[in-house]
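Based on these hints, arrange chain Z on the given structure of chain S.
Protein chains: 2
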Amino acid sequence: ANQKDFISFAGGLPDEELFPKKELKQIFETYSENLPSDLLQYSTTMGLPKLIDLIKKQFKFKEQLLISNGSQQALDLICSVFLNPKDKILVEEPSYLGAIGLFKSYAAKCHTVKLEKDGLDLKDLEKKLKKNTYKFLYVIPNFQNPSSISYSNQKRKKLSVLAIKYNLIIIEDDPYGFLDFKGKQYKKIFDYAPKNTIYLGSFSKILVPSLRLGYIMADEEIMTKINIAKQYKDLHTNLFSQYILYEYLKRFDIFEHIKMLKINYEKKGNLFYKTLKTELGSYFEVEKPKGGMFLWVKLKDNSNSEELLKRAVKKKVLFVPGSVFLQDKTKQSYIRFNFTNSSKKDIKKGILRLKSLFPKT
Amino acid sequence: ANQKDFISFAGGLPDEELFPKKELKQIFETYSENLPSDLLQYSTTMGLPKLIDLIKKQFKFKEQLLISNGSQQALDLICSVFLNPKDKILVEEPSYLGAIGLFKSYAAKCHTVKLEKDGLDLKDLEKKLKKNTYKFLYVIPNFQNPSSISYSNQKRKKLSVLAIKYNLIIIEDDPYGFLDFKGKQYKKIFDYAPKNTIYLGSFSKILVPSLRLGYIMADEEIMTKINIAKQYKDLHTNLFSQYILYEYLKRFDIFEHIKMLKINYEKKGNLFYKTLKTELGSYFEVEKPKGGMFLWVKLKDNSNSEELLKRAVKKKVLFVPGSVFLQDKTKQSYIRFNFTNSSKKDIKKGILRLKSLFPKT
Chain S
140 ANQKDFISFA
150 GGLPDEELFP
160 KKELKQIFET
170 YSENLPSDLL
180 QYSTTMGLPK
190 LIDLIKKQFK
200 FKEQLLISNG
210 SQQALDLICS
220 VFLNPKDKIL
230 VEEPSYLGAI
240 GLFKSYAAKC
250 HTVKLEKDGL
260 DLKDLEKKLK
270 KNTYKFLYVI
280 PNFQNPSSIS
290 YSNQKRKKLS
300 VLAIKYNLII
310 IEDDPYGFLD
320 FKGKQYKKIF
330 DYAPKNTIYL
340 GSFSKILVPS
350 LRLGYIMADE
360 EIMTKINIAK
370 QYKDLHTNLF
380 SQYILYEYLK
390 RFDIFEHIKM
400 LKINYEKKGN
410 LFYKTLKTEL
420 GSYFEVEKPK
430 GGMFLWVKLK
440 DNSNSEELLK
450 RAVKKKVLFV
460 PGSVFLQDKT
470 KQSYIRFNFT
480 NSSKKDIKKG
490 ILRLKSLFPK
500 T
Chain Z
140 ANQKDFISFA
150 GGLPDEELFP
160 KKELKQIFET
170 YSENLPSDLL
180 QYSTTMGLPK
190 LIDLIKKQFK
200 FKEQLLISNG
210 SQQALDLICS
220 VFLNPKDKIL
230 VEEPSYLGAI
240 GLFKSYAAKC
250 HTVKLEKDGL
260 DLKDLEKKLK
270 KNTYKFLYVI
280 PNFQNPSSIS
290 YSNQKRKKLS
300 VLAIKYNLII
310 IEDDPYGFLD
320 FKGKQYKKIF
330 DYAPKNTIYL
340 GSFSKILVPS
350 LRLGYIMADE
360 EIMTKINIAK
370 QYKDLHTNLF
380 SQYILYEYLK
390 RFDIFEHIKM
400 LKINYEKKGN
410 LFYKTLKTEL
420 GSYFEVEKPK
430 GGMFLWVKLK
440 DNSNSEELLK
450 RAVKKKVLFV
460 PGSVFLQDKT
470 KQSYIRFNFT
480 NSSKKDIKKG
490 ILRLKSLFPK
500 T
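From first to last, the protein sequence lines are chains S and Z. Counting from 140, one number per residue, gives the positions in the first sequence under the numbering used here. Counting from 140, one number per residue, gives the positions in the second sequence under the numbering used here.
Just chain S, same shape as in the assembly (with noise of 0.2 angstroms):
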């Protein structure tokens, strides 16, 4: 009862409210009259065949497709594949905390890479990659978390130049790239340097998170490799899953959904954009969102959000400070809010907490 009190613009979490149910009950009363023959025993480790068909088919993509328990364990094969303890690896600065812990918990030397609006530093890039030689480079180029940011197509494609170049290899996480408010789509790193990146796509943020769905899109000899991890670490993704998304695709039409969500979205961060800037503005630097589901916001008077949140939880409202997604720990001021997981009523309602931690002014 305690905990309902709390407004929490902390976790990465869709809106519940738009989850398509009516949708998925229709598939479960399908499923209680005919149960596919194969849908109870074990599977193939690549994934269903008609479910990887489908997806290439609506999303238009001409590669082999990897099914994997969401973004997260596709990123952990990718691990298990390319380190060993101490390779040095490149990730954005600052960048999602699932990442880098991963990536430290397979003992690899995270390098940082600085971000600026319109994408990575490339300079700054370059200058590493002509001193060091770097297993691989995250990025998350569409509304970027935590923050937001999304790469011009002219940053992807130069970046996509220095990788080829460099022999660099980039994981191109793209969670939150269908999410665009105004539907732009920017073009994908893979498809400027398809040998040189492993994409990943997810259900998670664009239907449903418990599903634990996504995909991996690399080139063959990779994808060879990381079957092969995906086999030991735990034989194939469920199936009960996989037909549920499979059944979806085939009977609704998703990018009907993704545009229900993105009209929703864009209300929300809207409305959290401007209720942080009229009540707050003085105190926060902050940008209007363009998409995905977060803001990264600045303290102008360089305080430090960890001290901030301490005094937030006192009166039930939370958000990540933003030194959990940078290396650099000086950077002490920033703080992620997620604007998709609250009612509009408890965004007001959160902020105006948030205000009596500041003087009036």
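Please keep in mind that the hints were generated in silico from the structure rather than gathered at the bench. One thing to keep in mind: the hints can contain errors.
The list makes no distinction among identical chains, and a pair is therefore deemed to hold if it is satisfied within one copy or across any two copies.
[Said to hold, decoys possible] The list that follows gives simulated cross-link-like pairs (lysine-lysine, DSSO-like), each with its CA atoms no further than 27 angstroms apart:
| no. | residue 1 | residue 2 |
| --- | --- | --- |
| 1 | K364 | K389 |
| 2 | K225 | K243 |
| 3 | K270 | K161 |
| 4 | K454 | K398 |
| 5 | K439 | K304 |
| 6 | K389 | K160 |
| 7 | K401 | K334 |
Just chain Z, lined up with the frame of chain S:
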């Protein structure tokens, strides 16, 4: 169409005719009417709390459990927590291919301890433990894959005493423990040495493999590390599988289901044994199966079973040559037969195909 003519005794597959289809359809029907509110959102890394509680209650476990994507993922989680490249570990000789392959993918050095008819050769084990430190010992004490051996209670007890004495971690992998044809239930090594043992259970062989659901039981300190590894590796096991298993356990009697499985598997196992004995008794050393899913057979003339397989493929009958389960590659004359996945008709037909490869006696 061609592949259909093959009779395979190779895979470790359960009998798909015995899957609880009717019961699963009923569960799908329930969810088609009423979808649990938390079924679609991200969930906890340990697993669905009410599923964990129900498993603990029904299987009489007192310790905390973590739900994994089958036992195979449980093994991977343990490897990621314990293993560094070149670490020494101990495995039974012979042992499960999927485990050995996984351990080697972590660059572990697999040292073997011979299996006797009632379990590990404990003298050999203690000699090794005196000389070296091993990260863990991996055992399958019930109807071992591939040897079909079960440890005596005495050996379990003595093994646990050694584990405590030498500070050895035992991984007790137990997918077949419920499949004793006479309903015998051996004691768990875990119960003798709970601080030293990590117990792995699975629903793949007693219910449905495609759910990809297993569980880990371990000492709190070890479990904390496994939980962190699981979080980095795939956040959590998919909830669709977990909810379906929860509903199954709540509404149906899994122990009645297992009884039915055992009656059917005993019939098939006996048929396989008798037919092999009658038709190929002069060529094969074979023992009547007491449970599990496999027959472990030796060619009396010590000929090479890989060579036999090459000839068997031409007759469209498949098995696994024992060499893949053995580190000692001079042992070439073993064969693993699966007796659960073929129909009775195919068991007879397949053995007759094999017989045609041998000179008439």
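Self-check item: Numbers of unmet hints, in rising order
Solution: 1, 3, 4, 5 and 7
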